[in-house]
Amino acid sequence: MSDLVRNIIRFAVFIFLQVYVLNKVPHLHQYITPYLYYLFILWLPFSVSRMGLLIVGFITGITLDFFMMTPGLHAAACVLIAYFRPFIINILTPKDSSEFNYREPSPKALGWTPYLIYTFVLTLFHHSYMVLLEWLSFGSFLHFLIKVIATTGISMLMIITAELLFPRRLKFRTNTS
Amino acid sequence: MRNIFLFIRRYFTFLTFLVLQVVSLWFLFTYNRFHRAKGLGVANEVTGWFNSKYNMAEDFLTMKEENRRVHKMNDSLMNLLSANFLKTDTTTLLVTDSVPFDTLGHYRQYLYRTAQVVYNTVNAEKNYFQINKGSKDGVADYMAVLGSDGSLAGTVLNVSQNFSVVMSLLHIQNKVSALMKRTGNAGNVFWDGKNPHLLTLTGIPKSDSISKGDTVITGNYSESIPPGKMVGTVAEISKDEATGFYVLRIKPAANFQTLQQVFVVENLRYKEQHALLEQTKKEIDNPKQTNR
Numbered sequence: 001m002s003d004l005v006r007n008i009i010r011f012a013v014f015i016f017l018q019v020y021v022l023n024k025v026p027h028l029h030q031y032i033t034p035y036l037y038y039l040f041i042l043w044l045p046f047s048v049s050r051m052g053l054l055i056v057g058f059i060t061g062i063t064l065d066f067f068m069m070t071p072g073l074h075a076a077a078c079v080l081i082a083y084f085r086p087f088i089i090n091i092l093t094p095k096d097s098s099e100f101n102y103r104e105p106s107p108k109a110l111g112w113t114p115y116l117i118y119t120f121v122l123t124l125f126h127h128s129y130m131v132l133l134e135w136l137s138f139g140s141f142l143h144f145l146i147k148v149i150a151t152t153g154i155s156m157l158m159i160i161t162a163e164l165l166f167p168r169r170l171k172f173r174t175n176t177s
Numbered sequence: 001m002r003n004i005f006l007f008i009r010r011y012f013t014f015l016t017f018l019v020l021q022v023v024s025l026w027f028l029f030t031y032n033r034f035h036r037a038k039g040l041g042v043a044n045e046v047t048g049w050f051n052s053k054y055n056m057a058e059d060f061l062t063m064k065e066e067n068r069r070v071h072k073m074n075d076s077l078m079n080l081l082s083a084n085f086l087k088t089d090t091t092t093l094l095v096t097d098s099v100p101f102d103t104l105g106h107y108r109q110y111l112y113r114t115a116q117v118v119y120n121t122v123n124a125e126k127n128y129f130q131i132n133k134g135s136k137d138g139v140a141d142y143m144a145v146l147g148s149d150g151s152l153a154g155t156v157l158n159v160s161q162n163f164s165v166v167m168s169l170l171h172i173q174n175k176v177s178a179l180m181k182r183t184g185n186a187g188n189v190f191w192d193g194k195n196p197h198l199l200t201l202t203g204i205p206k207s208d209s210i211s212k213g214d215t216v217i218t219g220n221y222s223e224s225i226p227p228g229k230m231v232g233t234v235a236e237i238s239k240d241e242a243t244g245f246y247v248l249r250i251k252p253a254a255n256f257q258t259l260q261q262v263f264v265v266e267n268l269r270y271k272e273q274h275a276l277l278e279q280t281k282k283e284i285d286n287p288k289q290t291n292r
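Residue numbers (the working numbering), protein chains in the order written: chain P, 1 to 177; chain Z, 1 to 292.
These aren't lab readings, by the way, just hints derived from the structure by calculation.
Mixed in with the good hints there might be a few duds.
Here are the simulated SDA-like cross-link-like pairs (lysine to any residue), alpha carbons at most 20 Å apart as the crow flies [unchecked claim]:
no.	chain 1	residue 1	chain 2	residue 2
1	Z	Lys194	P	Leu22
2	Z	Lys194	P	Tyr118
3	P	Lys24	Z	Asn132
4	P	Lys24	Z	Phe60
5	Z	Lys194	P	His143
6	Z	Lys194	P	Gln30
Okay, chain Z solo, but in the shape it has when bound:
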């Protein structure tokens, strides 16, 4: 017994070193697996406070660019106003009001919330940004985040009361379903961690005719990302010799370096869709337990 105490006393520094290493690695690996760590919520509030102070100063420098984008967005929305269209037949007037659904069966599926980016990087292989809306404002995990011009920017990963952490499109573990706007073929967009100005799109068959500058939009098959939102435009075209698919380099529509105002999009039917999917998976995995 005495020897054990002597041993501990002698190597106390080394043992502390080991303990701190294990704690750090435990933090690191649990975070990677579950995309979150214990106590990160509290830290999120603190770093969020500093980041929002910094952001107040930074806003002055990027405001002009941001204004231009918001103005463009407004312009496109103005064009959609019903006042722009002449109604020739007053007997078939279509009324759509803003409650979640009306008697004609118009359901609202996507709800948009505005938020401000308070911290953002593009240098790492795993880029995150922090926004100033949290669970108090209704933001939850896996919601999609769009830039101020309506282009896809990322997915919410972790939420505290007043702030949320968003996984940027520039994250090597990110994978988003997308499709070519012109031909309708679907594929996957991901980032290879190299150049923040280029994403990669795979899964478009070689039979498709692709030309530079073609628009890539978000696909219809995502649970959380609204379909038809701009992802980017084709910048380089190359063919994968081994498979029947193109490897396309995409210039992202969102400018990740100057991201300021964003929209957080909630799919109001996310729970139902997700539950159905999980239920189906369960039934396929354990066919014996279900009654047919």
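Just chain P, same shape as in the assembly:
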């Protein structure tokens, strides 16, 4: 399966999972909203250019926004993490380029610890920015802090679960391909 087809399918799966499963779970607590859809942006191949990342991020966000009737909220957060993704990958990958051996970020490609740091930092960016935008219209600062921490916690839990449940079989990239 080519990268393009694989990512289009992944896009649909993540959006529908977010809209019809995670947004539908019975109310847990006012501070906890389960978010997983942005993992799609974290899983995009290394080969996507920075411009491409920004545009794909915007489309992902705005699609979810139209389902959740909050135009712009998730799009802004997605564009932010799409912009910072290449910088964080650059910092975390060793220079002897495991980056070039695998197609996309995964625990296998980066190693578990760098991969968790990578997801944690971008999750934190995404949730802080999104909750900040929500917080501008209502709520207190404490509300903002607790919500960012709680939502980041639940998202990290789901990302780790997703990685353990669906280990992606990534082909080792050789010179011939």
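Using the hints, position chain Z against chain P.
Only chain Z this time, still in chain P's reference frame:
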């Protein structure tokens, strides 16, 4: 000039990032101010299509509960049928027919339309649901939406051709006038964004005697919401020390998680009432321009 082009080329990615951010924020803030955004109508049609497909599957799971509520509603309506009452005096027969008004002066003020909820959340601070009736079916902004058991569920915010977006009662910007059924004191119902099983009612004076389980119904002062519809029952009573009012926690009558069939209520005199109110406001604001 050359330097400007070089600058743009060098920071092209960053500039795109800024542009996309500005577009997103513009979407977000215009939506919040006017409760709608450009292009949302088209998107509404698309998401509505997906949502109605999903809803077909979900209906199977919630049908039993829904049937029970509809049956209860039917039961209460059956009791109102004129056939249930004996007429002792045939000379004073009262005839009410179904045309908008008759010669006796019975005006129809509220018109009910049925609709189906295709998407619904309770997790966010701003909850909306989507229904499968739109401007083609006569639904317009600010109409009230009632659950299948006649309890208040929300207000229509945005309409496309075949679908509408409804602001649920569980929305932190929502405020509805309500009154205590037993004593008739009026107050405001809103939601604090915390627990979807509890609303808050303020504005009931402490002199009122309130007990747990008292019924709260919609007030008479709304332009779009029909009066006397169930909002909920009192669950907790606390007194606000600073003012002379109670802060009451209300258990909503509508179950927002299993909302399926709803009624959209149109106030047929909404335009006239609203125009009068606007006109009055204008005259009070600019007293010089009016002739007295």
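Verification of the hints:
1. Straight-line distance between C-alpha atoms of Lys194(Z) and Leu22(P) comes to about 18 Å, which keeps the hinted pair within the 20 Å bound.
2. Pair hint Lys194(Z) plus Tyr118(P) does not hold up; C-alpha atoms about 32 Å apart against a cutoff of 20 Å.
3. Our distance criterion of 20 Å between C-alpha atoms is met by Lys24(P) and Asn132(Z), whose separation comes to about 19 Å.
4. Between Lys24(P) and Phe60(Z), the direct Cα distance comes to roughly 16 Å. Compliance with the 20 Å bound is thereby established for this hinted pair.
5. Between Lys194(Z) and His143(P) the alpha-carbon distance is near 11 Å, which keeps this suggested pair within the 20 Å criterion.
6. The straight-line distance between the Cα atoms of Lys194(Z) and Gln30(P) is roughly 5 Å, inside the 20 Å bound, and the hint therefore holds.
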